[in-house]
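*Asks:* What follows is the residue order along each chain.
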Amino acid sequence: MRRFLLPVLIFLSVALPAAAADAVRERLDAYRAAGAGEFSAARGEAMWTRQQGARAPDRAESCATCHTPNLTQPGEHFRTGKPIAPLAPSVNAERLTDTAKMEKWFLRNCKGTWGRECTPQEKGDFLTYMKAQ
Amino acid sequence: MKGKYILIGGFAVGLAVASALSFSDGDRDWSMSATDVRPVTNPMYAAECGSCHFAYQPGLLPARSWEKMMAGLDDHFGENAELGPDVLATLTDYLVANAAETDPGWVAKRIEASAPDGAASLRISEQPYIVHKHDEIPRYMVRDNAEVGSLSNCMACHTRADKGVYDEDTVRIPGYPYWED
Numbered sequence: 001m002r003r004f005l006l007p008v009l010i011f012l013s014v015a016l017p018a019a020a021a022d023a024v025r026e027r028l029d030a031y032r033a034a035g036a037g038e039f040s041a042a043r044g045e046a047m048w049t050r051q052q053g054a055r056a057p058d059r060a061e062s063c064a065t066c067h068t069p070n071l072t073q074p075g076e077h078f079r080t081g082k083p084i085a086p087l088a089p090s091v092n093a094e095r096l097t098d099t100a101k102m103e104k105w106f107l108r109n110c111k112g113t114w115g116r117e118c119t120p121q122e123k124g125d126f127l128t129y130m131k132a133q
Numbered sequence: 001m002k003g004k005y006i007l008i009g010g011f012a013v014g015l016a017v018a019s020a021l022s023f024s025d026g027d028r029d030w031s032m033s034a035t036d037v038r039p040v041t042n043p044m045y046a047a048e049c050g051s052c053h054f055a056y057q058p059g060l061l062p063a064r065s066w067e068k069m070m071a072g073l074d075d076h077f078g079e080n081a082e083l084g085p086d087v088l089a090t091l092t093d094y095l096v097a098n099a100a101e102t103d104p105g106w107v108a109k110r111i112e113a114s115a116p117d118g119a120a121s122l123r124i125s126e127q128p129y130i131v132h133k134h135d136e137i138p139r140y141m142v143r144d145n146a147e148v149g150s151l152s153n154c155m156a157c158h159t160r161a162d163k164g165v166y167d168e169d170t171v172r173i174p175g176y177p178y179w180e181d
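Protein chains in written order, with the numbering used here: chain B, 1 to 133; chain X, 1 to 181.
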């Protein structure tokens, strides 16, 4: 039994970050096909904490309101108090591995934070920033 | 020979642990009897409806409230909680099939009995039975308590709410361990 454990652990530690890279690459290609230009981690980082109007009781100020400005840290849903595991793939190998999940949360969180959907350019900038954390 | 038994034994223990931990053992008798509300038994529900807050048990609201909530997920208490059509249909069926009317747990029965006919309030925290049970807890222990925030946050005080347990023995208000009503 033990003989299998090590290869399995090695597989997991290598395979999961690779999965994040693949899923992000797939999304960036799709955004380019939808008309986006070059992506910038610096723009993604600036948007992460950019405040959109005043904080209403049910409107977050920025992505950092729930996820904190530091993606390697755990966050907290600002309305319900529920803890949110870190978004940085370097500390949470499950992140940015599932393209459907990424799109679902972009839709929800962009509408919830900015009151509108994010453009392909913005999503690409976010992902370029996030995947490097 | 001996190795085989160890293997089978190990497998059996594994199965027992897995079924104790798994979400899919909901139609077992032991989980129906003497519970407060039926624990969440659907892994898709636990994932989709447990991402922003803990996954409220279906038995905490009547079916008509769940149906109304699931028809308006694009504006879910001011939040976008939209789901694809297949997931939406599966989860609506799960909620309706396990709603307060069908849940034998005593909390579910009391919620159902207290819910006014015809009305379909979307908040568990506004069901008359739940309001009544908490009306003596002062505001500073709930709204103004940074670790609680609102009555919606069942898990903050009911330490085993995620297991469907709401009895008095498992309650602890953060910051006020000795509160008694």
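Do not take every clue at face value.
[Said to hold, decoys possible] In silico negatives: residues of chain B with every beta carbon more than 10 angstroms from chain X: (1) A19; (2) D22; (3) T49; (4) Q73; (5) T80; (6) R108.
[What the hints assert, rightly or not] With the Cβ distance kept under 7 angstroms, some of the chain B side facing chain X (calculated, not the full set): (7) R32; (8) D58; (9) H77; (10) G81; (11) K82.
[As the list claims (entries may be wrong)] With a straight-line Cα cutoff of 20 angstroms, these simulated EDC-like cross-link-like pairs (lysine to aspartate or glutamate) come out: (12) B:K104 with X:D86; (13) B:K101 with X:E48; (14) X:K133 with X:D86.
If you are wondering where the hints come from, they were derived from the structure by calculation, not from laboratory data. Here a beta-carbon is modelled for each residue, glycine too, at the ideal position from N, C-alpha and C.
*Asks:* Each hint should be assessed against the structure and marked as holding or not.
*Replies:* Against the structure, the hints:
no. : hint              : result
1   : A19               : holds (18 angstroms)
2   : D22               : holds (22 angstroms)
3   : T49               : holds (21 angstroms)
4   : Q73               : holds (18 angstroms)
5   : T80               : violated (4 angstroms)
6   : R108              : violated (4 angstroms)
7   : R32               : violated (25 angstroms)
8   : D58               : holds (4 angstroms)
9   : H77               : holds (5 angstroms)
10  : G81               : holds (5 angstroms)
11  : K82               : holds (5 angstroms)
12  : B:K104 with X:D86 : holds (14 angstroms)
13  : B:K101 with X:E48 : holds (10 angstroms)
14  : X:K133 with X:D86 : violated (37 angstroms)
Checked against the numbered hints above, the structure breaks hints 5, 6, 7 and 14 and satisfies the rest.
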